[in-house]
Amino acid sequence: MKQLYHVLGAKQFERDELERLFDAAKDMEKVVAKGGDRRHEGRIMTTLFFEASTRTRLSFESAMHRMGGGVIGTENAAQFSSAIKGETLEDTIRIVSGYSDVIVMRHTEIGAAKRAAKVSPIPVINAGDGAGEHPTQALLDTYTIRKEFGKIDGLKIAMVGDLAYGRTVHSLSYMLANYQDVMIYYISPDNVRIPENVKKYMDEKGIRYVETNDLNSVAGSIDVLYQTRIQKERFPSVEEYEKASGQYIVDAELMSRMSKDAIVLHPLPRAGEITEEVDDDPRAAYFRQAVNGLYIRMALVDKCIVESRGN
Amino acid sequence: MKQLYHVLGAKQFERDELERLFDAAKDMEKVVAKGGDRRHEGRIMTTLFFEASTRTRLSFESAMHRMGGGVIGTENAAQFSSAIKGETLEDTIRIVSGYSDVIVMRHTEIGAAKRAAKVSPIPVINAGDGAGEHPTQALLDTYTIRKEFGKIDGLKIAMVGDLAYGRTVHSLSYMLANYQDVMIYYISPDNVRIPENVKKYMDEKGIRYVETNDLNSVAGSIDVLYQTRIQKERFPSVEEYEKASGQYIVDAELMSRMSKDAIVLHPLPRAGEITEEVDDDPRAAYFRQAVNGLYIRMALVDKCIVESRGN
Amino acid sequence: MKQLYHVLGAKQFERDELERLFDAAKDMEKVVAKGGDRRHEGRIMTTLFFEASTRTRLSFESAMHRMGGGVIGTENAAQFSSAIKGETLEDTIRIVSGYSDVIVMRHTEIGAAKRAAKVSPIPVINAGDGAGEHPTQALLDTYTIRKEFGKIDGLKIAMVGDLAYGRTVHSLSYMLANYQDVMIYYISPDNVRIPENVKKYMDEKGIRYVETNDLNSVAGSIDVLYQTRIQKERFPSVEEYEKASGQYIVDAELMSRMSKDAIVLHPLPRAGEITEEVDDDPRAAYFRQAVNGLYIRMALVDKCIVESRGN
Chain A
1 MKQLYHVLGA KQFERDELER LFDAAKDMEK VVAKGGDRRH EGRIMTTLFF
51 EASTRTRLSF ESAMHRMGGG VIGTENAAQF SSAIKGETLE DTIRIVSGYS
101 DVIVMRHTEI GAAKRAAKVS PIPVINAGDG AGEHPTQALL DTYTIRKEFG
151 KIDGLKIAMV GDLAYGRTVH SLSYMLANYQ DVMIYYISPD NVRIPENVKK
201 YMDEKGIRYV ETNDLNSVAG SIDVLYQTRI QKERFPSVEE YEKASGQYIV
251 DAELMSRMSK DAIVLHPLPR AGEITEEVDD DPRAAYFRQA VNGLYIRMAL
301 VDKCIVESRG N
Chain B
1 MKQLYHVLGA KQFERDELER LFDAAKDMEK VVAKGGDRRH EGRIMTTLFF
51 EASTRTRLSF ESAMHRMGGG VIGTENAAQF SSAIKGETLE DTIRIVSGYS
101 DVIVMRHTEI GAAKRAAKVS PIPVINAGDG AGEHPTQALL DTYTIRKEFG
151 KIDGLKIAMV GDLAYGRTVH SLSYMLANYQ DVMIYYISPD NVRIPENVKK
201 YMDEKGIRYV ETNDLNSVAG SIDVLYQTRI QKERFPSVEE YEKASGQYIV
251 DAELMSRMSK DAIVLHPLPR AGEITEEVDD DPRAAYFRQA VNGLYIRMAL
301 VDKCIVESRG N
Chain C
1 MKQLYHVLGA KQFERDELER LFDAAKDMEK VVAKGGDRRH EGRIMTTLFF
51 EASTRTRLSF ESAMHRMGGG VIGTENAAQF SSAIKGETLE DTIRIVSGYS
101 DVIVMRHTEI GAAKRAAKVS PIPVINAGDG AGEHPTQALL DTYTIRKEFG
151 KIDGLKIAMV GDLAYGRTVH SLSYMLANYQ DVMIYYISPD NVRIPENVKK
201 YMDEKGIRYV ETNDLNSVAG SIDVLYQTRI QKERFPSVEE YEKASGQYIV
251 DAELMSRMSK DAIVLHPLPR AGEITEEVDD DPRAAYFRQA VNGLYIRMAL
301 VDKCIVESRG N
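Residue numbers (UniProt numbering), protein chains in the order written: chain A, 1 to 311; chain B, 1 to 311; chain C, 1 to 311.
One or more hints might be untrue.
[Unchecked claim] Not the full set, but computed from the structure, chain A residues with beta-carbon under 10 Å of chain B:
| # | residue |
| --- | --- |
| 1 | Thr46 |
| 2 | Leu48 |
| 3 | Val71 |
| 4 | Thr74 |
Everything labelled a hint here was simulated from the structure, so no lab data went into it. The beta-carbon is built from N, C-alpha and C at its ideal position, and this holds for glycine as well.
Make a model of the complete structure from these sequences and hints.
Written as structure tokens, this is what we have:
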């Protein structure tokens with residue numbers, strides 16, 4: 001039986017592996033700049049999206065194409081005719097895995113990627129499983145921070161917005177826990193605070209963090225402001241939503257309080273929580289962050305294929 | 001005018017052609033094991049699915065990629081904007097055929113593939129036309145039997161479940177009619193028995209068959225158990241459905257009655273009619289069967305492109 | 001900053017550029033006849049369709065594959081998860097542009113392609129923007145006329161049907177305005193006449209045109225009959241629709257009034273406004289026209305990639 005390399009959750013990555021992965025991603029930047037290569041010509045990626053996530057899917061498909069590989073897939077869970085007919089996820093994976101060399105999977109249920117990996121004879125990459133994890137987003141976030149600052153140790157990082165339901169901040173927290181002397185500010189309205197299990201994990205890893213609902217007072221002392229969306233549905237009324245979300249908008253005024261060397265990140269898409277006037281500020285790193293997703297995914301797909309071959 | 005090779009229905013295949021095709025499929029297993037080849041680099045397949053069938057579509061797309069070709073297509077009939085505007089199937093084919101080298105088509109209407117082939121300047125492969133045929137499924141079924149037993153002549157094959165509406169058992173029957181001394185057991189509830197026209201065809205070909213609704217008494221004497229789904233909608237009430245379907249479940253108990261050398265097949269997806277406890281039995285051949293679909297489709301696509309070139 | 005070549009509207013094309021483009025399209029016919037080439041191996045096209053247009057999408061994807069490139073994309077605006085979350089078109093483009101080398105975009109809003117081009121670091125091709133323009137259709141129409149007659153100067157061209165809402169006749173008019181001594185007949189029911197702004201443009205360019213609702217009396221004196229669909233929704237009642245559309249059907253009777261050297265074009269799909277009996281007439285050029293779309297799109301995509309590289 002082959003030993004497979006899957007990408008299932010943020011906690012599977014330790015510092016050494018992260019560093020090797022980031023080096024590989026940096027190499028991939030050069031590969032893309034030269035117009036891609038053909039290292040995986042003849043290999044096939046299956047993108048199995050049981051829930052729409054066009055951007056993530058396109059990013060993975062581009063990653064495979066940039067390395068010469070082909071892609072098959074479906075962008076619509078509701079259309080997956082076998083699922084409609086009552087097939088288990090396990091059966092779907094058993095069959096679809098016969099058609100390709102790596103599966104990139106998005107699902108609505110927590111743990112779906114792990115269930116898939118258990119029966120799959122080829123590597124599985126978790127591209128988001130419900131309220132669970134989105135490890136490749138956390139990897140590109142972490143990679144962006146390292147690239148922008150040349151390091152992660154010692155940085156002060158604020159995560160802002162919906163910290164209860166936003167899975168990217170959970171995965172990012174787990175990943176940052178690998179580094180030394182990081183300080184995290186969890187900044188959110190009271191009803192969407194960072195969950196206890198995340199805090200417990202940070203405690204176990206000895207990571208310092210502060211919870212607050214006051215962005216303004218923290219803005220001047222942080223290196224990274226990681227902004228996220230706040231969803232209307234989490235609040236009892238539109239008024240309360242608007243009151244809450246209004247306190248966490250990153251605009252020119254807020255930028256003026258921040259350090260000259262700080263950066264602003266966002267997993268995107270945004271919907272008003274970073275105003276467009278910020279886009280031209282060199283500290284606005286969220287579009288640079290987005291393109292980093294391509295390099296990280298190339299490095300991950302490459303690792304999946306190479307490490308699962310001929311073991 | 002070029003002479004085109006289309007794949008439209010099971011009856012077009014005679015024994016000689018089947019044998020050559022199965023040899024080609026066997027070669028394709030080796031091609032895949034070596035990571036594919038580039039024999040159809042620059043060629044394009046169009047997958048035109050007027051009805052969702054994700055697995056069949058992915059299987060064909062994988063087949064084309066494994067031979068170096070490209071794929072364009074649509075997975076959703078309802079979205080085919082030209083169809084919405086009232087375009088005939090013939091016009092759609094006349095135009096889309098200008099974009100590629102082979103069309104793989106799924107449609108909701110019986111005879112749609114034949115209509116397409118009539119006006120297409122490139123080969124058409126029928127990937128299912130309503131209640132009509134699904135010849136590539138029948139080919140992979142037949143290929144699996146030959147591969148598992150080294151022969152088909154003389155085998156005893158039971159088809160179980162909804163034999164009235166399940167088009168795969170019709171197509172499979174037509175294909176098995178090419179062989180010597182096969183014996184077929186049609187095992188179903190009374191309201192979904194094998195249709196008269198299939199029996200008439202088998203009579204004409206001199207194939208022996210038995211109709212029964214008793215799976216248990218037959219299980220011990222067959223070589224192949226071809227299980228299919230029974231759909232709730234065919235029964236007057238849920239009670240009658242459950243009573244009927246309950247009699248045709250393949251589980252460990254039923255397996256214990258079967259020969260040590262028998263195999264169990266299923267076109268998949270399954271929804272309870274083969275229990276998961278059977279999966280680890282070496283006689284459970286349905287996942288091996290599924291991957292055979294890739295090899296058969298590679299052989300068919302290859303034949304379509306090669307035989308339609310430069311005649 | 002690179003200088004990018006975008007394809008946004010018909011008016012951007014002047015006669016010299018059209019001639020060079022048509023020469024390039026002619027070369028592409030030879031490339032396709034030889035089975036394509038690999039000139040853009042490793043390059044990626046993104047097809048971003050916020051509205052279904054399967055035929056146009058497949059045609060562009062085929063064009064890219066025929067030149068060795070890869071394609072990523074989405075065929076369904078409603079599924080574009082970022083758009084659902086309230087993302088602006090500009091943000092979508094900023095991010096998706098990081099994944100590929102050229103964007104082909106279909107949108108429901110006039111001016112969407114121009115907005116995309118304003119923020120995109122890679123070329124954008126407008127594949128239709130609402131009631132706005134569809135320049136690649138106009139290019140393939142113009143190319144077809146030049147190919148069928150060896151020239152465009154001096155031709156008499158009738159546009160028939162819904163001239164108010166049919167964007168293809170607007171774009172085609174702008175393009176024909178580059179030529180000498182063309183004479184245009186705008187033939188339509190009174191309620192869907194050619195808009196004033198198109199007539200004004202033709203006046204400025206010194207192009208002669210006539211408006212009429214009588215197809216029969218004009219049929220004998222034209223070189224090109226460009227037929228389009230008339231949509232039921234434009235009329236106050238089904239009776240008025242049927243009365244109007246019935247007068248503009250191209251059938252054998254009408255063909256008998258036309259010159260032996262005339263041709264009939266249609267952007268397709270058709271829905272009865274050209275009867276099938278006309279298909280076998282050598283003057284029925286609409287299927288030849290459709291395949292010309294592939295060559296024109298290959299030439300355009302090639303130009304976009306080549307001219308945007310390394311400037």
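- Task: Please write out, lowest number first, the hints stated earlier that are contradicted by the structure.
- Result: Per hint list: zero violations.
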